[in-house]
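Participant: Residues per chain, in single letters:
There are 2 protein chains.
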Amino acid sequence: MSLSFTISARDSSTRARRGRVTTLHGSFETPAFMPVATAATMKGILPRDVKASGAEIILNNAYHLLVRVGVERMRALGGTHGFMRWDGPILTDSGGFQAFSMADINTLDEDGVTFRSFVDGSRIRVGPRESMEIQNAIGADIIMAFDDCPPAARQEGDATSKPAVDPHAYRARVVDALARTTRWLEACKKHHARPDEQALFGIVQGGTDLELRSQSARDITGIELPGYAIGGVAVGEGTDEIRRVVEHTAPLLPDSKPRYLMGVGYPRDIVMAVRAGVDMFDCVLPTRNGRNGFAFTRQGSLRLRNACHTLDQRPIEEDCDCIACAGGFSRAYLRHLFMAEEMLGPILVTHHNLRLYQRLMLDIRRAITDDAWSSFVASWPVADPVASMGSEAVGDGRSEPETER
Amino acid sequence: MSLSFTISARDSSTRARRGRVTTLHGSFETPAFMPVATAATMKGILPRDVKASGAEIILNNAYHLLVRVGVERMRALGGTHGFMRWDGPILTDSGGFQAFSMADINTLDEDGVTFRSFVDGSRIRVGPRESMEIQNAIGADIIMAFDDCPPAARQEGDATSKPAVDPHAYRARVVDALARTTRWLEACKKHHARPDEQALFGIVQGGTDLELRSQSARDITGIELPGYAIGGVAVGEGTDEIRRVVEHTAPLLPDSKPRYLMGVGYPRDIVMAVRAGVDMFDCVLPTRNGRNGFAFTRQGSLRLRNACHTLDQRPIEEDCDCIACAGGFSRAYLRHLFMAEEMLGPILVTHHNLRLYQRLMLDIRRAITDDAWSSFVASWPVADPVASMGSEAVGDGRSEPETER
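Sequence order for the protein chains is E and W. Note that this note's numbering has the first sequence beginning at 737, numbered continuously upward. Note that this note's numbering has the second sequence beginning at 737, numbered continuously upward.
No lab work stands behind these hints: they were computed from the structure. Everything numeric in this text was worked out from a predicted model, so none of it was measured. Heads up, some of the hints might be wrong.
Any copy will do: because identical chains look the same in the list, a pair fits if it lies in one copy or spans two.
[What the hints assert, rightly or not] Think about it this way: if two alpha-carbon atoms lie no more than 25 Å apart in a straight line, the pair counts; the simulated SDA-like pairs of lysine to any residue are:
{"#": "1", "residue 1": "787", "residue 2": "955"}
{"#": "2", "residue 1": "787", "residue 2": "1063"}
{"#": "3", "residue 1": "787", "residue 2": "1068"}
{"#": "4", "residue 1": "787", "residue 2": "1049"}
{"#": "5", "residue 1": "926", "residue 2": "905"}
{"#": "6", "residue 1": "787", "residue 2": "1057"}
{"#": "7", "residue 1": "993", "residue 2": "1115"}
{"#": "8", "residue 1": "925", "residue 2": "1106"}
{"#": "9", "residue 1": "926", "residue 2": "1055"}
{"#": "10", "residue 1": "925", "residue 2": "841"}
{"#": "11", "residue 1": "787", "residue 2": "1064"}
{"#": "12", "residue 1": "926", "residue 2": "1111"}
{"#": "13", "residue 1": "925", "residue 2": "1041"}
{"#": "14", "residue 1": "993", "residue 2": "850"}
{"#": "15", "residue 1": "993", "residue 2": "856"}
{"#": "16", "residue 1": "787", "residue 2": "922"}
{"#": "17", "residue 1": "993", "residue 2": "1035"}
{"#": "18", "residue 1": "993", "residue 2": "1118"}
{"#": "19", "residue 1": "926", "residue 2": "758"}
{"#": "20", "residue 1": "787", "residue 2": "951"}
{"#": "21", "residue 1": "787", "residue 2": "1056"}
{"#": "22", "residue 1": "926", "residue 2": "915"}
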């Protein structure tokens, strides 16, 4: 068995559940937040400190490791656990999302997608077979199906440069993608060479169309797998749309298996999804925002470049036990580091945000066991969907950018 | 007493001595290597990890803290120990070297130098009085005299764009600088507001002219101070020239006080200077080279970007106990990090280099106590002046660059 899942407590008034997932590299408690170590490194943070933040499982991006390292070299190096020195559970995404959204040139056919390497411009092909190949070589404990991810439709009021799409044409593309995603999942299962060591999860798509979500959930869960994910969420839509899709889709996934909401998100979105019955989360928000000087707190967020912090001797958060706060680094010092473009600024705020997210998950798990949602919500204003504010994630929320400090 | 120095052992065949310097923030063993935390941060490294490398004293650059933070704010923040969370001894240089060499526009007069801030272009003036003001505000345990540092003369075969200088005019400028440096040292002593808490060191100049070095040593040591430094070394001249100046000058400084060789250097230069009787060293080589993927080892140096490391599962150095080597991070992984421009590459190699330098100092101190130079040299090929190789330091070796990851 590549993976087992046990549920130890359920909230009486919602679908929230607490549990534990066990893999060959150890176990993690759920609901779990998995920080993103895109190219087999959490930017600027040593694995021992990722562990110290409370994270029990982390994510690597297969796309980046395919382009940067490749299948043969990854095989020769013996996989990501030894390579990056993380001995706990690891999850890899399939590379599909990035191949569709990040690559300069991509062509889609029945067997996959072809794109240009951002490193050397070479032609790279990835489909269900190739995705399984690189994910088998990486050797993560949980691996994801290669899915067809059509770009998100342009939303009303969307200020981006995405072209306006005929809604009927767009729906036809999404329906087409659903069918292909199901065929590709079958192909992934067939090509997956290490099913006893690595658990393959299927991904439900369907955009914001609940009927399509239902159909996709039926198709995907019709294929027997150790876990299932909700994909195509938090790709530009607002909190209310995320809620509508997640609250509809999560209960359609088997109760006895872990449910993973991909690329989400803000504390308020995580709390909402936990109450809908989701068990696993990943997002680049704590790390990416941390590198840019945005600190999450229980109350909201702080922009540490702001002049108001110039002489502020307080830590980011008084009661926080992270390396930055417990280490006594002041907001004044952090502002100085960001103004001077010193690496230690991004590092310290990333430490804080990683710990903040894990403290949130700890309190969520405790709230489920104790059936104590109201006191939980009172102590986490940032998780309140109405009160909380925050700048939105920019770009691809499912992997860290390539060229950035 | 701001500082005390005791000598516990002397080498029988050289001038090398082992001792301990005690300050208000604790003590450090000598010969000591002080890593450089330019803007009150060791780039990418937490203070706890600097300490774990074995460093007992670190250096801040007054110039950068003057421009970035300023006297008033530094006073309001209570000084650098609390600001950067380093509770051990700290040394600040005076800002003179950077004001003369880094600033875009500088004008020299009898009371100091005026230059433009690299942050906002504002006009900043620094002389003995202002240097003491900022160094008193920073609050380091050892502070340095503000000296007149004329740019180095163009050497034969020097490929830089420095203009050729008439040797007589150049010598006149150096002689002039010596006299001014002595007057400025008197002024520093007079303006130093915290002599009971911070030890002021004088700096001997004189370029590569041994007669001028002797004169400067007489003038500077004629002023009673807790310690003395050799400045103007390793500003472009080769190992042999450094040796000639250091072997001449070090014995001219009082035996009972700590001797500090500023901005030096490579392991071979440090070993040479220790044998000439020097006690304290600082240099950006371990940190700057580390960030650029150059690792020091006992045997020589490694360029981790080289393709030969692509599949190399060995650590940088087999017997090293640093966070990178003992942590099991392979050369293959480090190369991957540098190729992908990931912060963890510079961080890990900086860790290694910091520890390598401290291991060198540990072995040097042991060799002095045990009178065991030959076995020491045998175990440190990189410290052998003939056998060792290495790319030269680029630019200002006395502070870290501003705009760099």
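Participant: Please go over all the hints and tell whether each is borne out by the structure.
Facilitator: Hint-by-hint comparison with the structure:
1. In this homomeric assembly, residue 787 and residue 955 never come within 25 Å of each other (Cα to Cα): the closest approach is 37 Å inside a single copy and 57 Å across copies.
2. In this assembly of identical chains, residue 787 and residue 1063 lie within 25 Å of each other by CA distance both inside one copy and across copies; the values are 17 Å within and 14 Å between.
3. When the C-alpha separation of residue 787 and residue 1068 is checked against a cutoff of 25 Å, the pair qualifies only between copies, where the shortest distance is 23 Å, while the shortest distance within a copy is 27 Å.
4. For a Cα distance limit of 25 Å, the shortest separation of residue 787 from residue 1049 across copies, 23 Å, qualifies, whereas the shortest one inside one copy, 28 Å, does not.
5. Taking the shortest Cα distances, residue 926 and residue 905 never come within 25 Å of each other, neither inside one copy (32 Å) nor across copies (82 Å).
6. For the homomeric pair residue 787 and residue 1057, the shortest alpha-carbon distances inside one copy (14 Å) and between copies (21 Å) are both at most 25 Å.
7. Within a single copy, residue 993 and residue 1115 get their C-alpha atoms no closer than 30 Å, and across copies no closer than 58 Å, so neither meets the 25 Å cut-off.
8. With identical chains, the CA atoms of residue 925 and residue 1106 are never at most 25 Å apart, being 39 Å at best within one copy and 66 Å at best between copies.
9. Neither within a single protomer nor between protomers do residue 926 and residue 1055 lie at most 25 Å apart by alpha-carbon distance, with minima of 50 Å and 45 Å respectively.
10. In the homo-oligomer, the alpha carbons of residue 925 and residue 841 never lie at most 25 Å apart, since the shortest distance is 27 Å inside one protomer and 67 Å across protomers.
11. Within a single copy, residue 787 and residue 1064 get their C-alpha atoms as close as 20 Å, and across copies as close as 16 Å, so both meet the 25 Å cut-off.
12. Proximity of residue 926 to residue 1111 under the C-alpha cut-off of 25 Å is found in neither arrangement, the shortest distances being 47 Å within a copy and 62 Å between copies.
13. For a Cα distance limit of 25 Å, the shortest separation of residue 925 from residue 1041 qualifies neither inside one copy, at 48 Å, nor across copies, at 38 Å.
14. Proximity of residue 993 and residue 850 under a CA criterion of 25 Å is satisfied in neither setting, with 33 Å inside one chain copy and 70 Å between copies.
15. Proximity of residue 993 and residue 856 under a CA criterion of 25 Å is satisfied in neither setting, with 40 Å inside one chain copy and 58 Å between copies.
16. In this assembly of identical chains, residue 787 and residue 922 lie within 25 Å of each other by CA distance neither inside one copy nor across copies; the values are 35 Å within and 54 Å between.
17. Proximity of residue 993 and residue 1035 under a CA criterion of 25 Å is satisfied in neither setting, with 33 Å inside one chain copy and 54 Å between copies.
18. Taking the shortest Cα distances, residue 993 and residue 1118 never come within 25 Å of each other, neither inside one copy (29 Å) nor across copies (58 Å).
19. Proximity of residue 926 and residue 758 under a CA criterion of 25 Å is satisfied intra-copy only: 23 Å inside one chain copy versus 69 Å between copies.
20. Taking identical chains as interchangeable, the C-alpha atoms of residue 787 and residue 951 are never at most 25 Å apart, the minima being 39 Å within one chain and 58 Å between chains.
21. For the identical chains of this complex, residue 787 and residue 1056 are neighbours both inside a copy (16 Å) and across copies (23 Å), given an alpha-carbon limit of 25 Å.
22. Proximity of residue 926 and residue 915 under a CA criterion of 25 Å is satisfied intra-copy only: 17 Å inside one chain copy versus 83 Å between copies.
In summary, the structure is inconsistent with hints 1, 5, 7, 8, 9, 10, 12, 13, 14, 15, 16, 17, 18 and 20 from the numbered list given earlier, while agreeing with the others.
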